[in-house]
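Assemble the whole structure, with the sequences as input and the hints as a guide.
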Amino acid sequence: MSDRITTLHGAGGEVMDRLLADVVLPRLAGRPSGRIPLSAADDGATLDLPRDGEIVFTTDSHVIKPVFFPGGDIGRLAACGTLNDLAVMGARPLVLSLAAILEEGFAIADLERLLDSFAAVIDSVGVSVACGDTKVMPAGELDGIVLTTSGIGVAQRAVSDAGLRVGDRILVTGTIGDHGMALLAARGEFHLTTALVSDVAAIWPLLAPTLEIAGAVHAMKDPTRGGLAAALNEMARKSRTCIEVREAAIPLRPEVRGLSDLLGISPFDVANEGKAILAIDPAHADAVLRTLRRHPLGAAAAEIGCVTAEYPGRVVLATEVGGRRFLDMPLGDPVPRIC
Amino acid sequence: MSHPFRLADPRRARQLADAIHLLAPREPVKLVHVCGTHEIAITRHGLRRLLPETVRVLEGPGCPVCVTPAADIETAIRIAERGAVVCSFGDMLRVPGYGRSLDSARAAGCDIRTVLSADEAVQIAKATRREVVFFAVGFETTAPMTAAVALERAPANLSILLAHKQIPPAMAALLDLPGTGIGGFLAPGHVSTIIGAAGYEESMAHRRMPVVIGGFEPLDILYAVALLLRQIRDGRAIIENGYPRAVESAGNPTAQRLLAEVFEPAPAAWRGIGVLPASGVQFLAEFMQLDARRRFDVGELVESPEDHACRCPDVLTARAMPSDCPLFGTRCTPLSPVGPCMVGSEGACSIWFRYEGERAL
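Going down the list, the sequences are from chains A and B. Quick note: the first sequence, position 306, residue 306 per our numbering, numbers continuous. Quick note: the second sequence, position 117, residue 117 per our numbering, numbers continuous.
Fair warning: there could be bad hints in the mix.
Away from chain B, derived, C-beta distances all over 12 Å, residues of chain A [unchecked claim]:
# : residue
1 : Arg51
2 : Thr134
3 : Glu141
Restraint-style ranges between C-beta atoms, simulated for each label pair [unchecked claim]:
# : chain 1 : residue 1 : chain 2 : residue 2 : range
4 : B       : Thr333    : A       : Lys238    : 32 to 42 Å
5 : A       : Pro70     : B       : Glu202    : 44 to 54 Å
6 : A       : Glu189    : B       : Leu151    : 49 to 59 Å
7 : A       : Ile36     : B       : Lys126    : 55 to 65 Å
8 : A       : His191    : B       : Thr254    : 17 to 27 Å
Sample of chain A residues at the chain B side, in silico, Cβ under 7 Å [as the list claims (entries may be wrong)]:
#  : residue
9  : Arg18
10 : Ala21
11 : Asp22
12 : Thr319
13 : Val321
14 : Gly323
15 : Arg325
16 : Leu331
Calculated directly from the structure, the hints in this document are not laboratory data. Predicted model, so just to flag it, every value in this text is computed and none were measured. No residue lacks a Cβ here, since even glycine has one placed at the ideal position from N, Cα and C.
What follows is the structure, encoded as structure tokens:
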């Protein structure tokens with residue numbers, strides 16, 4: 001077999017079948033989703049879903065440069081991205097689909113590494129892959145690889161990102177800005193070397209115990225694209241409440257702070273891939289914080305603010321030096337400042 | 001989570017704020033800084049809330065992107081249309097020139113590349129046989145890098161579109177404009193590392209204007225404001241170094257020598273302000289072959305009028321706050337900017353929009 005993806009790998013014939021049989025299925029078909037699973041290679045799969053609770057369904061496409069980055073790769077990202085969307089809905093993830101669009105010339109060894117990363121995540125959370133798809137596009141028409149994952153989970157009662165109530169405490173599950181800053185550094189344009197790695201991780205095992213505390217979790221959201229600033233603003237807008245956060249309480253790694261100062265890019269505007277924001281009933285805030293900190297992914301969890309009625313729909317930041325300002329939605333992709 | 005290098009200790013900030021309240025005059029006083037990085041620090045840390053109501057701090061012509069005339073942008077686009085590769089700082093791309101920007105020219109097929117330094121343009125020129133032009137924007141902090149490229153024997157296919165500006169002549173010009181009413185200048189720390197405290201002497205001579213060089217951490221800025229208010233209270237007007245851990249009074253002689261070997265002062269057009277004497281640079285005769293305006297004769301361009309309602313000219317001359325403009329946050333936002341102050345990431349309007357929303361807290 002060629003060591004690179006060719007257009008034949010997406011053509012639906014013998015070459016594609018071999019790719020699926022040799023590369024894809026051994027990694028993804030381990031856990032059947034139902035009576036007709038992925039390994040049957042049928043036109044669809046069947047799902048054994050629980051009879052009670054709410055079914056949650058979500059989808060996400062993943063593009064990233066570089067495909068292999070410090071702390072992860074697009075395979076791990078594609079699994080975690082969709083699993084985390086389910087997790088912050090309060091849903092135990094059950095099953096995923098995976099569609100890959102590959103650029104002609106993509107190294108098959110790289111594809112194997114990506115699928116290994118993907119498989120490691122789903123195995124750790126106990127999720128099955130029910131269906132998938134592979135397409136190939138001619139060289140130059142795509143930048144390497146696009147992965148699209150859809151996911152289904154089940155929640156006792158799904159948690160929205162709009163359920164904030166005045167008085168709630170705002171918690172984050174760990175340090176902010178790691179993924180975005182690690183990627184900015186890894187892209188090489190700035191000739192920077194750092195030990196910073198992406199935080200990409202599946203957070204269901206971290207969040208599940210907090211949902212056991214009855215009535216504690218009013219809202220959750222994962223601060224991915226647009227970072228903490230976008231996620232908090234969205235939560236405030238949708239719930240028509242005001243979120244007030246204390247800058248000094250937001251956990252930041254020293255590397256993230258340093259890069260942020262150097263590049264003039266706020267750590268609050270860049271993506272996280274293994275974190276959640278929680279709005280917690282004040283009576284349970286300490287218990288939830290303790291629960292989060294017991295899990296390795298939540299060791300740096302912190303209470304960063306509270307929900308008020310002061311400026312409905314807005315986020316207020318109490319700055320380190322004692323000033324106050326709005327923390328607004330980032331406008332677009334952050335660009336470094338020149339002077 | 002405190003940071004060993006961040007001067008943002010809330011207790012010390014409170015002490016400085018208390019000192020500022022004691023020093024502040026009863027009558028309103030307007031302090032002007034000329035630096036986007038200062039404005040970002042002031043708004044990002046919410047420092048205006050720590051100042052008394054009588055003390056107003058405004059950004060003047062502190063954004064190199066904002067003060068670059070539309071004619072220079074149009075010149076860069078016309079050069080790109082002749083087939084040259086134009087290298088620009090990313091910040092410059094979306095600034096409107098004559099109804100079009102470098103960004104829209106790129107979408108129309110021009111080869112316009114984003115660089116982070118003059119040296120990157122040199123690398124691009126070395127890798128191609130096409131003509132490459134570096135659009136040299138910025139104050140005294142970036143100009144020495146451009147001079148270094150000229151002195152290090154630039155590749156023959158590289159030329160430079162000079163749009164560098166000098167800060168002290170612009171500060172002096174603000175004082176001569178009607179209605180600016182400036183009580184003191186907070187001078188930019190990084191420009192001062194190059195020109196030193198001495199770099200302001202000629203422009204500020206006989207003007208009786210308090211000037212304090214300030215750093216960029218929250219405590220640096222509060223300290224510089226306190227020094228300015230102390231000068232005002234005591235009726236003094238000197239050039240004071242409030243940032244001695246980075247700024248030498250003589251500045252950086254190596255950088256100054258680079259500048260003197262390559263450039264001479266020249267009149268320059270500032271967007272929204274007009275032509276100011278000796279506020280820009282031009283190549284000395286022996287470096288003329290690097291001048292992109294000579295290599296690509298695109299004709300003399302005149303400034304086109306700006307949108308009447310846009311108050312960028314007043315914002316750039318510290319006669320208005322961004323929120324005084326009727327377009328601010330309504331017709332003019334960073335996503336659809338009308339004036340240059342909303343485009344450049346160092347522009348006062350853009351910074352206010354990003355960090356303070358439509359109203360100050």
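Original post:
Taking the closest Cβ pair, is Arg18(A) under 7 Å from chain B?
Top reply: At about 41 Å, which exceeds the 7 Å cut-off, the nearest Cβ of chain B leaves the hint on Arg18(A) violated.
Original post:
Do the Cβ positions of Ile36(A) and Lys126(B) conform to the proposed distance bound of 55 to 65 Å?
Top reply: holds (60 Å)
**OP:** Determine whether the Cβ-Cβ distance between Glu189(A) and Leu151(B) falls within the hinted range of 49 to 59 Å.
**Re:** violated (25 Å)
Original post:
When the nearest CB of chain B is found for Gly323(A), is that gap smaller than 7 Å?
Top reply: With Cβ-Cβ at 2 Å, under 7 Å, it holds.
Original post:
Does the hinted range 32 to 42 Å hold for Thr333(B) and Lys238(A) at CB?
Top reply: Violated, at about 22 Å.
**OP:** Return holds or violated for the Cβ distance of Pro70(A) and Glu202(B) against the range 44 to 54 Å.
**Re:** holds (50 Å)
Original post:
Does the claim that Arg51(A) lies off the interface hold, with its Cβ farther than 12 Å from every Cβ of chain B?
Top reply: holds (46 Å)
Subject >> 12 Å Cβ clearance of Glu141(A) from chain B >> reply: holds (19 Å)
Subject >> Hinted contact Leu331(A) with chain B - closest CB pair below 7 Å >> reply: With Cβ-Cβ at 5 Å, under 7 Å, it holds.
**OP:** Starting from the hint 17 to 27 Å, judge whether the C-beta atoms of His191(A) and Thr254(B) obey it.
**Re:** holds (22 Å)
Subject >> Supplied contact hint for Val321(A), tested at 7 Å Cβ to chain B >> reply: holds (4 Å)
Subject >> Proposed interface contact between Thr319(A) and chain B, which counts if any beta carbon pair is under 7 Å >> reply: holds (5 Å)
When held up to the earlier numbered hints, the structure conflicts with 4, 6, 9, 10 and 11 and fits the remainder.
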